[in-house]
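Participant: Read off the chains here:
There are 2 protein chains.
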Amino acid sequence: MPEAQPLIDTDAVVVGAGPVGLFQAFQLGLLELSAHLVDALPYPGGQCIELYPDKPIYDVPGVPVCTGRELVESLGRQLRPFDVPMHLGQEVAEIGPSGDGRFLLGTAAGTRFRARTLVIAAGAGAFQPRRLKLDGLETLDTTQVAYHVADPAVFAGRRLAVVGGGEAALEQALRFAESPDHRAGRVTLIHRRDVFQAPADRIDRMRALVAAGSMDLVIGQVTGFDAADGRLRSLDLTLTDGSVRILNAEALLVFFGLSPKLGPVADWGLAMERKQLSVDPSDFRTSVPGIFAVGDINTYPGKKKLLVSGFHECALAAFGAARHIQGREPLLQYTTTSSRLHALLGVDGSPRSGSAG
Amino acid sequence: MPEAQPLIDTDAVVVGAGPVGLFQAFQLGLLELSAHLVDALPYPGGQCIELYPDKPIYDVPGVPVCTGRELVESLGRQLRPFDVPMHLGQEVAEIGPSGDGRFLLGTAAGTRFRARTLVIAAGAGAFQPRRLKLDGLETLDTTQVAYHVADPAVFAGRRLAVVGGGEAALEQALRFAESPDHRAGRVTLIHRRDVFQAPADRIDRMRALVAAGSMDLVIGQVTGFDAADGRLRSLDLTLTDGSVRILNAEALLVFFGLSPKLGPVADWGLAMERKQLSVDPSDFRTSVPGIFAVGDINTYPGKKKLLVSGFHECALAAFGAARHIQGREPLLQYTTTSSRLHALLGVDGSPRSGSAG
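The listed protein sequences derive, respectively, from chains U and F. All residue numbers for the first sequence refer to my numbering, where the first residue is 1 and numbers rise by one. All residue numbers for the second sequence refer to my numbering, where the first residue is 1 and numbers rise by one.
Chain U on its own, in the form it takes in the complex (with noise of 0.2 Å):
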């Protein structure tokens, strides 16, 4: 464990940072409880950014079409009065009572809150990269073998073997075929069939930048690796005709999409039906008082894995926070009307540093 941080004291840890749990901190925002939103991933938008972050979605409500990415930048500004801290690129690692009715929460990471209410907005639990399972693979350190780019900079250069069909594999090849800050010394793109899942316009790049000789594709599987002294040397790569190819490799970046896995969250003690999380669907409560579950982590009688629905149970959810906290049920304000509210939103004309337009 990294060495332990100051506690943090506030008013709501919410556990995901998905649209549901950006939406959470607005309306514990509007109802003036201070939050911090912790997330396993290094950026906001959980499943919507990674599995559909270009895919178009027709019923959000009001907004006849937007993509993934369009909404949770939208969420994003939105919450962006209340100066919600975001703890990102953090796995929730322990949880349990403080003694004074509040939570400890600690994250992988080292960050350690001691929160009234904690919101668990996980979507389908803590998202976790599908690894590419090859003997003695892990050993390699996260500069050679990676899941995510965390910083381009690390694999400027070299030779790179990124692997995957999708648009995050695609993404990351082309980057790193193109980009002029980060330009790898060579760029092999590694799919098991000539058939891309990624936007039309960036298949038609890649296949121009492979024409052209400015990178190379290869349609087959990597089936094993050379290493010496602890650094990538070569990757054995088996074609669809069975030959296998050696290809001189100094990083592997791979990009299987993510696989769902409920971490920490299934220890908790918490009231469970099939993986999901009972709540009450009056103000979204588990069965542990102060503890909230919303999104698609939940389960009441009716639920449908929807946006829309997850959006409503943050606002219950805020409520229940709100009485949780406060022992009385807060005042229902309308932001078309309320003076406090356009205060709290930036909007009524008094300074202040955040924008709700």
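Hint data in this document are derived by calculation from the structure and do not stem from the laboratory. Accuracy of the hints is not assured; some may be wrong.
[Stated by the list, open to error] 20 Å max Cα-Cα, derived SDA-like pairs, lysine to any residue:
hint	chain 1	residue 1	chain 2	residue 2
1	U	Lys304	F	Ala227
2	F	Lys305	U	Ser339
3	U	Lys304	F	Asp280
4	F	Lys305	F	Glu50
5	F	Lys303	F	Ala271
6	U	Lys303	F	Leu331
7	U	Lys303	F	Pro301
None of the values given here were measured: they were computed from a predicted structure.
Following the hints, complete the assembly by docking chain F onto the known chain U.
Facilitator: Just chain F now, kept in the frame of chain U:
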């Protein structure tokens, strides 16, 4: 009663074409159920349009700011692929069983439906304009005393008195003072005090027209009228100093806002709690099988009168309606990935009249 029209058979009649009613029709469409919308107002939008057409709303998820008018326009655009007929300016006059498990519903205008389900999305009830209370005023016809302007040509060229201090009063006064098509003989705007609730640019425009002598403004109240042979001749205006002025006028347009009124919904034999319809939050069914209620008109434990809650209720009520009609759980499909939904929404490239974009 107007002459009976042929019965319209449908899966669902949605009573109320406010934002929640519009989204209800959309959700029914996603489940391939046919729907008709009925509203007492002559246009869609309900409270959003009547009470805050130009006030910003900040808490629609993923929409950092929009006006009521913009929200209603977006919801209308979102609904367009389903070609849902709207029966506007029609109050629901009667409802009863059809004898085969369906419902018969008739409007005051004579439209008649036989529906497998009803979804009541009537907000605070059937809105009705607040009346100007003067003995005998109700004996004058709607070409002389009006609370809505269905056809502006009726009032063109005549001496008009427009009463009220809100946006509707100003818009109508400006229209009849300025529009080349419908210019009145003379427009007098009457309001009890010299303060107006309308966008600043509309107020400025009104004052400019008054200053230029193109229309009149009287601060006072209508306290009497004179009519002969059923024709309005003049109004008595009591000014703030108590003096009375006679204003020649051929028509009186009154915009005092809307008074919520439950209307026939209150007589339908549905379980209610403090003027709200009691519903089961698993699918927002009322106490009558096949009748659902969504939005501000319903109540259940934890209910908050929020747009985002109304939208969620629509989604689950659509599933409830499908279960009621089909006797089984409909498949939950996602608009991001389902090619069937893409075809319904007209976004699969196939030829279709509607488009969600």
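Participant: In ascending order, which of the hints set out earlier in this document are inconsistent with the structure?
Facilitator: 1
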